[in-house]
Amino acid sequence: MQSRTLRYVGKRLLQGLLTIVAIAGINFLLLNALPGDVVDVLAGEADVADIAYLEELRARFGLDQPLHQQLLSYLGNLAQADLGYSFRYNEPVLDLVLGRLPATLLLMVSAIILAAFFGIVLGVTAARFANRLPDTLISVLSLLAYATPVFWIGLMLIVAFSIKLTWLPSGGFSTVGANLSGLSYVADVARHMILPTVTLALFYMALYTRIIRASMLEVLQLDFVRAARARGMTRRGVAYAHALPNAILPMITMVGIQVGHILGAAVLVETVFSWPGMGRLAVEAVFQRDFNTLLGVLLLSSVLVILTNLIVDLVYARLDPRIELG
Amino acid sequence: MLASIPASNSVEPTRSGFWRRFARNRAAVIGLVLVLIVVAMALLAPYLSANGPWDMVQRPYLWPGDAPGFLLGTDTLGRDLFSGLLYGARVSLLIGLVATATAVLIGTAVGAVAGYFGGWTDTILMRLTEIIQTMPPMILAIVIVAVFTPTVTTVMLAIATISWPAIARLVRGETLRLRNTEFVQSCLALGMNDGRIILTQILPNCLAPVVVTASVMVSSAILIEAGLAFLGLSDPDMMSWGLMIATGREALRTAWYIVTIPGLAILFTVLGLNLLGDGLNDALNPRLKER
Numbered sequence: 022m023q024s025r026t027l028r029y030v031g032k033r034l035l036q037g038l039l040t041i042v043a044i045a046g047i048n049f050l051l052l053n054a055l056p057g058d059v060v061d062v063l064a065g066e067a068d069v070a071d072i073a074y075l076e077e078l079r080a081r082f083g084l085d086q087p088l089h090q091q092l093l094s095y096l097g098n099l100a101q102a103d104l105g106y107s108f109r110y111n112e113p114v115l116d117l118v119l120g121r122l123p124a125t126l127l128l129m130v131s132a133i134i135l136a137a138f139f140g141i142v143l144g145v146t147a148a149r150f151a152n153r154l155p156d157t158l159i160s161v162l163s164l165l166a167y168a169t170p171v172f173w174i175g176l177m178l179i180v181a182f183s184i185k186l187t188w189l190p191s192g193g194f195s196t197v198g199a200n201l202s203g204l205s206y207v208a209d210v211a212r213h214m215i216l217p218t219v220t221l222a223l224f225y226m227a228l229y230t231r232i233i234r235a236s237m238l239e240v241l242q243l244d245f246v247r248a249a250r251a252r253g254m255t256r257r258g259v260a261y262a263h264a265l266p267n268a269i270l271p272m273i274t275m276v277g278i279q280v281g282h283i284l285g286a287a288v289l290v291e292t293v294f295s296w297p298g299m300g301r302l303a304v305e306a307v308f309q310r311d312f313n314t315l316l317g318v319l320l321l322s323s324v325l326v327i328l329t330n331l332i333v334d335l336v337y338a339r340l341d342p343r344i345e346l347g
Numbered sequence: 053m054l055a056s057i058p059a060s061n062s063v064e065p066t067r068s069g070f071w072r073r074f075a076r077n078r079a080a081v082i083g084l085v086l087v088l089i090v091v092a093m094a095l096l097a098p099y100l101s102a103n104g105p106w107d108m109v110q111r112p113y114l115w116p117g118d119a120p121g122f123l124l125g126t127d128t129l130g131r132d133l134f135s136g137l138l139y140g141a142r143v144s145l146l147i148g149l150v151a152t153a154t155a156v157l158i159g160t161a162v163g164a165v166a167g168y169f170g171g172w173t174d175t176i177l178m179r180l181t182e183i184i185q186t187m188p189p190m191i192l193a194i195v196i197v198a199v200f201t202p203t204v205t206t207v208m209l210a211i212a213t214i215s216w217p218a219i220a221r222l223v224r225g226e227t228l229r230l231r232n233t234e235f236v237q238s239c240l241a242l243g244m245n246d247g248r249i250i251l252t253q254i255l256p257n258c259l260a261p262v263v264v265t266a267s268v269m270v271s272s273a274i275l276i277e278a279g280l281a282f283l284g285l286s287d288p289d290m291m292s293w294g295l296m297i298a299t300g301r302e303a304l305r306t307a308w309y310i311v312t313i314p315g316l317a318i319l320f321t322v323l324g325l326n327l328l329g330d331g332l333n334d335a336l337n338p339r340l341k342e343r
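As they're listed, the protein sequences go chains A and B.
Its first residue numbered 22, the first sequence is counted upward by one per residue in our numbering.
Its first residue numbered 53, the second sequence is counted upward by one per residue in our numbering.
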């Protein structure tokens with residue numbers, strides 16, 4: 022059993038690696054679709070017109086080589102974990118992106134947990150009171166949350182909680198210049214996290230609510246639920262202890278399918294709240310025409326998607342022993 | 053029009069059956085009304101407002117109701133917000149519809165070919181869809197628009213690029229199922245060629261699920277367009293709701309109505325399309341009763 026799991030993980034990682042190579046190829050093509058090359062951009066900014074110098078620079082970056090040669094050396098560099106250099110930040114792209122990864126992960130994971138928790142509570146409640154008032158209210162709320170642009174709800178929350186009520190900071194990772202340490206630093210970051218996390222979570226909360234409601238309605242029809250009721254369990258007890266564990270799998274699948282989607286939404290949330298994550302780095306890179314960095318974000322976020330999908334599938338197989346990895 | 057599409061199997065919903073089921077669904081009718089309002093705004097924009105969306109017509113920072121003739125007030129540069137709302141509806145609908153239509157076209161072609169021919173064709177095409185689906189859609193869209201400079205066309209193409217794989221998978225699944233049905237097998241036995249079988253037998257039977265998926269796709273395309281515009285990645289010659297939010301953002305502290313109004317427009321448009329999509333789903337798949 023163990024070795025089978027290991028073999029499965031190995032196979033998936035290999036597939037993932039191939040996908041990453043293909044994405045790197047696409048990245049390379051996109052870089053080449055840009056009008057002009059890095060040297061042109063640099064020359065334009067530094068106002069250099071010395072053609073001999075520009076040619077020398079091209080030779081140094083390998084830009085005078087034929088395209089397939091360039092692709093090979095691009096992939097070769099990638100194999101050595103070299104994603105290129107950001108001339109804007111004067112830092113290797115890999116270090117730059119990895120440096121921003123923890124903030125994004127923190128935001129994403131807390132948003133998913135929040136969304137899953139409330140999605141479950143609301144979904145179970147809606148299913149228990151199907152077609153009655155609580156169900157209607159929850160359905161209307163989730164329809165609205167499902168249709169709201171994530172960046173806009175973020176701005177509205179800033180208006181309400183930062184500007185009008187002044188309860189929470191409107192952006193940033195921690196209070197600038199506060200020099201906090203230990204627990205007070207954690208508390209400060211937590212305060213800064215509340216609005217971005219809620220903003221990112223709302224859409225997914227609505228989605229999970231809908232999924233949980235539907236699968237709960239299905240499970241609540243089954244005989245074992247009636248049997249549990251007959252043994253004298255309360256309705257709520259049956260719903261949470263017996264039905265929910267059987268109804269939760271579709272939501273977990275959804276989390277796996279949507280990691281990429283959440284990462285994309287995080288770009289917008291990070292921009293709204295000046296959250297120093299990968300997404301904001303991507304947006305900054307767009308405006309500084311720093312394409313090495315932009316494509317580095319695309320590549321590493323794809324790696325993140327592949328790894329998360331693998332983890333979700335493993336968790337899934339653990340939760341449901343009927344599912345065989347293979 | 054949609055009603056004439058044959059259902060995926062057995063019971064063929066008649067025209068009146070479709071409308072009856074649709075009209076009985078209150079949420080779907082509300083969705084239809086919302087969508088029709090947005091369509092009317094887009095079509096009648098020049099007749100409903102005397103000002104262009106870019107014209108600086110009044111004092112900046114007029115709150116809604118502050119000045120007669122400027123129903124929703126003016127933005128940071130004194131531009132008429134109502135006019136921006138009308139012209140923004142054009143951009144949202146145009147990009148949402150064209151991007152979705154392109155995605156449906158590509159996705160249907162890829163899915164049908166992959167599912168019908170199987171083998172290597174299938175493997176290669178499905179690997180391609182997988183590769184695209186691995187990249188976070190919003191980030192891929194940002195990259196495409198940034199690389200090819202933001203215009204209406206590149207935004208549409210970017211959204212189509214990230215959207216077609218979902219359709220391709222759907223159509224492939226349907227095609228795989230239909231390929232083994234008796235009516236397709238008998239067409240094969242009668243010597244009908246593959247192209248004709250795909251076009252006359254397979255695709256018409258995929259239409260219902262594709263229509264339902266596409267209606268939801270329009271709303272997500274509109275959300276992505278708004279997000280891109282909010283990030284500054286929109287056609288500089290087109291007034292869009294996302295752009296209005298981005299410009300209003302600098303005045304969030306004092307004039308939050310500038311951000312609120314276009315956001316509500318996006319919200320109601322997307323809500324309308326989602327309700328409409330749910331309604332279509334129930335009406336086109338009468339046996340999948342709403343749970």
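Calculated from the structure, these hints are not laboratory results.
Among these hints, one or two may not hold up.
Stated by the list, open to error - Computed footprint of chain B on chain A, listed as stretches where at least three residues anywhere in the stretch have a Cβ under 8 Å from a Cβ of chain B:
| # | stretch |
| --- | --- |
| 1 | 105 to 117 |
| 2 | 214 to 222 |
| 3 | 286 to 295 |
| 4 | 301 to 309 |
| 5 | 319 to 331 |
What the hints assert, rightly or not - Calculated from the model, a selection of chain B residues having no Cβ within reach of chain A, i.e. all distances over 12 Å:
| # | residue |
| --- | --- |
| 6 | 146 |
| 7 | 194 |
| 8 | 283 |
For glycine and all other residues, C-beta sits at the position ideal for the given N, C-alpha and C.
Hint-by-hint comparison with the structure:
{"no.": "1", "hint": "105 to 117", "result": "violated (count 0)"}
{"no.": "2", "hint": "214 to 222", "result": "violated (count 0)"}
{"no.": "3", "hint": "286 to 295", "result": "holds (count 4)"}
{"no.": "4", "hint": "301 to 309", "result": "holds (count 4)"}
{"no.": "5", "hint": "319 to 331", "result": "holds (count 5)"}
{"no.": "6", "hint": "146", "result": "holds, 18 Å"}
{"no.": "7", "hint": "194", "result": "violated, 6 Å"}
{"no.": "8", "hint": "283", "result": "violated, 6 Å"}
Of the hints listed earlier, those the structure fails to meet are numbers 1, 2, 7 and 8, in rising order.
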